[in-house]
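Assemble the complex: chain A is given as a structure, and chains B and C must be docked to it using the hints.
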Amino acid sequence: MPSPPSTTAVARRGPLDGQRLPGGASFTLGLAPAAARFILRGDAAARTAAGAAFGVALPARLGPAGSGAARAALWLGPDEWLLVGEGEPPADLERGLVAALSMHPHSLVDVSQRQIGLDLAGPLAARALNAGCPLDLRDQAFPVGMASRTLFAKSEIVLWRRGALRYHVEVGRSFAQYVVNHLDEAARRAPPL
Amino acid sequence: MRISCPHCGERGSEEFLFRGAADPRRPAAGAAAEAWHEYVHLRDNPAGPYNELWQHQHGCRRWLVVTRDTTTHRIFSVADAALREGVS
Amino acid sequence: MSYSFLRIAREALRGGAGWGRAWRDPAPKPHYDAIIVGGGGHGLATAYYLAKEHGLTNVAVLERGWIGSGNAGRNTTIIRSNYLLPGNEPFYEHSMKLWEGLEQDLNFNTMVSQRGVLNLFHSDATRDAAARRGNAMRLHGVDAELLDTEAVRAFVPVIDFDNARFPIKGGLLQRRGGTARHDAVVWGYARAADRRGVDIIQNCEVTGIRVEQGRVVAVETTRGPIGAGKVGLACAGHSSRVAAMAGLRLPIESHVLQAFVSEGIKPMIDTVVTFGAGHFYISQSDKGGLVFGGDIDGYNSYAQRGNMPLVEDVAEACVALLPQTSRLRMLRSWGGVMDMSMDGSPIIDRTPVEGLYLNAGWCYGGFKATPASGWCFAHTIARDEAHALNAAMRLDRFATGAVIDEKGAGAQPNLH
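Residue numbers (this note's numbering), protein chains in the order written: chain A, 655 to 847; chain B, -8 to 79; chain C, 16 to 431.
Hints are computed from structural coordinates only; laboratory data are not their basis. Keep in mind that a hint or two might mislead.
Residues of chain A placed beyond 10 Å of chain B at every Cβ, according to the derived structure [as the list claims (entries may be wrong)]: (1) 677; (2) 730; (3) 767; (4) 780; (5) 803.
Only some residues are given here: those of chain B computed to face chain A with a beta carbon under 8 Å [what the hints assert, rightly or not]: (6) -1; (7) 5; (8) 6; (9) 9; (10) 11; (11) 15; (12) 52; (13) 62; (14) 64; (15) 65.
Here the structure is a predicted model, which is why all the values come from computation and not from measurement. Glycine included, each C-beta is placed from N, C-alpha and C at the ideal position.
Chain A with its partners taken away, still in its complex shape (with noise of 0.2 Å):
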């Protein structure tokens, strides 16, 4: 009898593994941690009982995330969210969703490998951003908390405020080495404060 062919366990690789990101006095670029990601698409109804299981409350319009200790819920348009759940195991955050959704029309997708996280800090983050995207980034247009979907550069992003001066940019894979550079090039660039 044949002996059952060997197995390798495969190391997941990130697209900026092994980079030393940008970092200095007035701006710094940093990996967000690891986490559980999910695209819901649903009515008012599975977003309501989404945000039950999710234990944070979906937002029902453009606004501030939803957010508890390690998870958070980001508006993208009227009948998506994007789901995120800092250092959980995707197959965890996915069984109680899909036990709440179960009567509800929805899509609900692990995103968790797609898309990346970038963590910008310092007072040159905002300006580094505008570089590449035209939005307000002014207190009273985009207040902490507050998170949208737009474009920096030509890739698109979520973008997604946590702090006075700190900001969480979603990103897909193929496009976070693009984002990086120009963020880098834009800080550094950027007229002194």
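Leaving out everything else, chains B and C in the frame of chain A:
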């Protein structure tokens, strides 16, 4: 050109995808070839106000009906296309 | 008055006192055998070839503005015949042959410069597409060469060969392609048509087309009604509006195309290069400015100006191909209004209205077609039937399905 999305507020036109005339209505599946030709190919192409379909592709992904002056690029109104169709 | 070296010498000695107008400024007559609506390159060429090839000289060209005020003054001057499909290629090659003899024919320096047109490719797939197009051209007797990276480097050393994202794998070269001076083309055709008796009437906007019992009889204009045996429409950009005056609805949308000229610099690029990893084309004018452009803005527009996203897009492609241009200043930019047809190819045909003919749908490629467009449209008007060269460019091809879709994009005008 900036478009005021009813869901996301005013955004640059680069976030949107243009699809063309909003008024032509899809004929019934069994309609005559002439009706399909008219729907697929023929356009009013006015110089002035025009109802157009734009999708907020890099925002809320909703289809919008934008009424815009083709001679000045001025936008008169933007509405979610689903409202017009009575669907959500 | 013929232009010649002797004439220049004589006028030089006489202080230029003998130079007259290049064409007359006649008042419209009550009736013409044929009226061409639109005094752009295509309309003027049509009138010229009606007179020259078909002996029809009781002809008027009606122009809303002045000669050179529309797209004739708003293009990037490229001439080429590197098309793929049989419905297009012989037509554009005829145009190229007319360009090659145009200056002698018109007795006017249209500055035709066969400096080559090189379409770069950056991947195996685009190489295959270029080879296929080159083979299609050769089957029609047109010159086409497939260059590898080293041959491209020898031909145009100035472009960036170290671009890791868009490596240059080679290019499809048509050496007979090049540029022509855009204003000189309309001036040359206007003068040559005028010398054969054609009336060129400027500041005369057509406001209506009179049709009686299914037949065109006159046009209404801002300078009064003018009777006509036949009427040819050559007003690309505004074809839908003018055709609507005769009750026609066209398979056309009007879109805006921007183009740019940099400040003048020393000679840098002596050919026409197109980037294959985006839509971008560039050449250098005799004054030293880099002349370049890219895609249409992508939405319906009759405004002769575009928007910033496309400006950025073109600038990015320019710097990707030619990094040394990153600090160049832009001298001018402009927008022209294009007839974008539903398959990306033009229409030269009769219409359902008897005596009314249509020349439209040039998308953003009408300049190179100017001579053949006029030549074929004149034939179609004079003989009341298409020439073999424009036989496929029918108005009813969208209804019958015999479309000429070079790009395979379907009935989506902003994607052609």
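Structure-based check of each hint:
no., hint, verdict
1, 677, "holds, 28 Å"
2, 730, "violated, 7 Å"
3, 767, "holds, 21 Å"
4, 780, "holds, 17 Å"
5, 803, "violated, 6 Å"
6, -1, "holds, 6 Å"
7, 5, "holds, 6 Å"
8, 6, "holds, 6 Å"
9, 9, "violated, 15 Å"
10, 11, "violated, 22 Å"
11, 15, "violated, 25 Å"
12, 52, "holds, 5 Å"
13, 62, "violated, 25 Å"
14, 64, "violated, 17 Å"
15, 65, "violated, 19 Å"
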